[in-house]
Amino acid sequence: DTEVTQTPKHLVMGMTNKKSLKCEQHMGHRAMYWYKQKAKKPPELMFVYSYEKLSINESVPSRFSPECPNSSLLNLHLHALQPEDSALYLCASSQEPPPAPDTQYFGPGTRLTVL
Amino acid sequence: EDQVTQSPEALRLQEGESSSLNCSYTVSGLRGLFWYRQDPGKGPEFLFTLYSAGEEKEKERLKATLTKKESFLHITAPKPEDSATYLCAVFPRGGYQKVTFGTGTKLQVIP
Numbered sequence: 001d002t003e004v005t006q007t008p009k010h011l012v013m014g015m016t017n018k019k020s021l022k023c024e025q026h027m028g029h030r031a032m033y034w035y036k037q038k039a040k041k042p043p044e045l046m047f048v049y050s051y052e053k054l055s056i057n058e059s060v061p062s063r064f065s066p067e068c069p070n071s072s073l074l075n076l077h078l079h080a081l082q083p084e085d086s087a088l089y090l091c092a093s094s095q096e097p098p099p100a101p102d103t104q105y106f107g108p109g110t111r112l113t114v115l
Numbered sequence: 001e002d003q004v005t006q007s008p009e010a011l012r013l014q015e016g017e018s019s020s021l022n023c024s025y026t027v028s029g030l031r032g033l034f035w036y037r038q039d040p041g042k043g044p045e046f047l048f049t050l051y052s053a054g055e056e057k058e059k060e061r062l063k064a065t066l067t068k069k070e071s072f073l074h075i076t077a078p079k080p081e082d083s084a085t086y087l088c089a090v091f092p093r094g095g096y097q098k099v100t101f102g103t104g105t106k107l108q109v110i111p
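Quick note, the sequences are listed as chains A and B, same order.
Sequential numbering from 1 applies to the first sequence in the working numbering.
Sequential numbering from 1 applies to the second sequence in the working numbering.
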């Protein structure tokens, strides 16, 4: 089973709201990732967690705050977002973290709209 | 800088008309190359991982091959349900060691 789940599927929020995206995997993977994908563009890496510790932050604005409560869960806390942050947010996991070139398995994504 | 170029950008095929998608890469050594398919509004679905030149993998109507400069995704006798965007991604040997995605090929298979 290579399933990564994400909730919610859709989220609409105002610029002053605080919300969270959730991701879960039960494959025993040691790395988890957040990506952002705009329409007709490839996924862009935001964060990498390796063994529950933040290992890569791709210079993401502080209005995005990741959290890894345990080895199966990954959250992305959102605060004071801008309309240009509207996108599909993807979670992924891999057996081993970089530098191992392991396959990343993606969840279905959360479609975020910021008004 | 690592670069991944996919061609064509879009491809329209008749059902049963075989073709190939190309992924050319320029990286500081290749540790892995990944193919995904993505349906609109959904997350990428894993297809294949290739690690070394000469490697080939097959799954149903799809076959992925790898050389030192490029990878091909061959689609044999495609069906309408194969319509999707196909993404290629590479994991370089050196540098930052993160996956770099190509911009994808949007495939449409007409019945």
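Simulated from the structure, these hints should not be mistaken for lab results.
Don't take every hint at face value.
Partial selection, computed: residues in chain A whose CB lies under 8 Å from chain B [unchecked claim]:
no., residue
1, T5
2, P8
3, G14
4, P43
5, L45
6, M46
7, V60
8, P61
9, F64
10, C68
11, A87
12, P98
13, Q104
14, G109
15, R111
The calculated label-pair distances, taken between Cβ atoms and stated as ranges, are [said to hold, decoys possible]:
no., chain 1, residue 1, chain 2, residue 2, range
16, A, E67, B, R93, 44 to 54 Å
17, B, D39, A, V60, 37 to 47 Å
18, A, S65, B, G16, 46 to 56 Å
Cβ coordinates follow ideal geometry from the N, Cα and C atoms, glycine included.
**Asked** Does the CB of A:P8 sit less than 8 Å away from some CB of chain B?
**Response** 14 Å, violated
**Message:** Hint A:R111 vs chain B: min CB-CB distance below 8 Å?
**Reply:** 6 Å, holds
**Hint check, A:L45 versus chain B [nearest Cβ-Cβ separation less than 8 Å]** = Interface hint status for A:L45: holds (6 Å vs cutoff 8 Å).
**Asked** Cβ-Cβ distance between A:E67 and B:R93: within 44 to 54 Å?
**Response** 31 Å, violated
**A:P43 as chain B interface residue, shortest Cβ-Cβ below 8 Å** = Holds. Min distance 6 Å.
**Message:** Please check whether A:A87 passes as an interface residue: C-beta within 8 Å of a C-beta belonging to chain B.
**Reply:** Status violated, d = 11 Å.
**Message:** If I claimed the Cβ atoms of B:D39 and A:V60 lie 37 to 47 Å apart, would that claim hold in this structure?
**Reply:** 26 Å, violated
**Prompt:** Would the hint on A:M46 stand, with a C-beta cut-off of 8 Å toward chain B?
**Reply:** Violated, because the Cβ-Cβ distance from A:M46 to chain B comes to roughly 11 Å (cut-off 8 Å).
**Message:** Given a cut of 8 Å on the nearest C-beta pair, is the interface hint for A:G14 held or broken against chain B?
**Reply:** 22 Å, violated
**Prompt:** Any CB of chain B closer than 8 Å to the CB of A:P98?
**Reply:** 5 Å, holds
**Request:** Let me know if the C-beta of A:C68 comes in closer than 8 Å to any C-beta of chain B, holds or violated.
**Result:** Violated, about 18 Å.
**Asked** Minimum Cβ distance from A:T5 to chain B below 8 Å?
**Response** 10 Å, violated
Consistency with the previously given hints fails for numbers 1, 2, 3, 6, 7, 8, 9, 10, 11, 16 and 17, ordered from lowest to highest.
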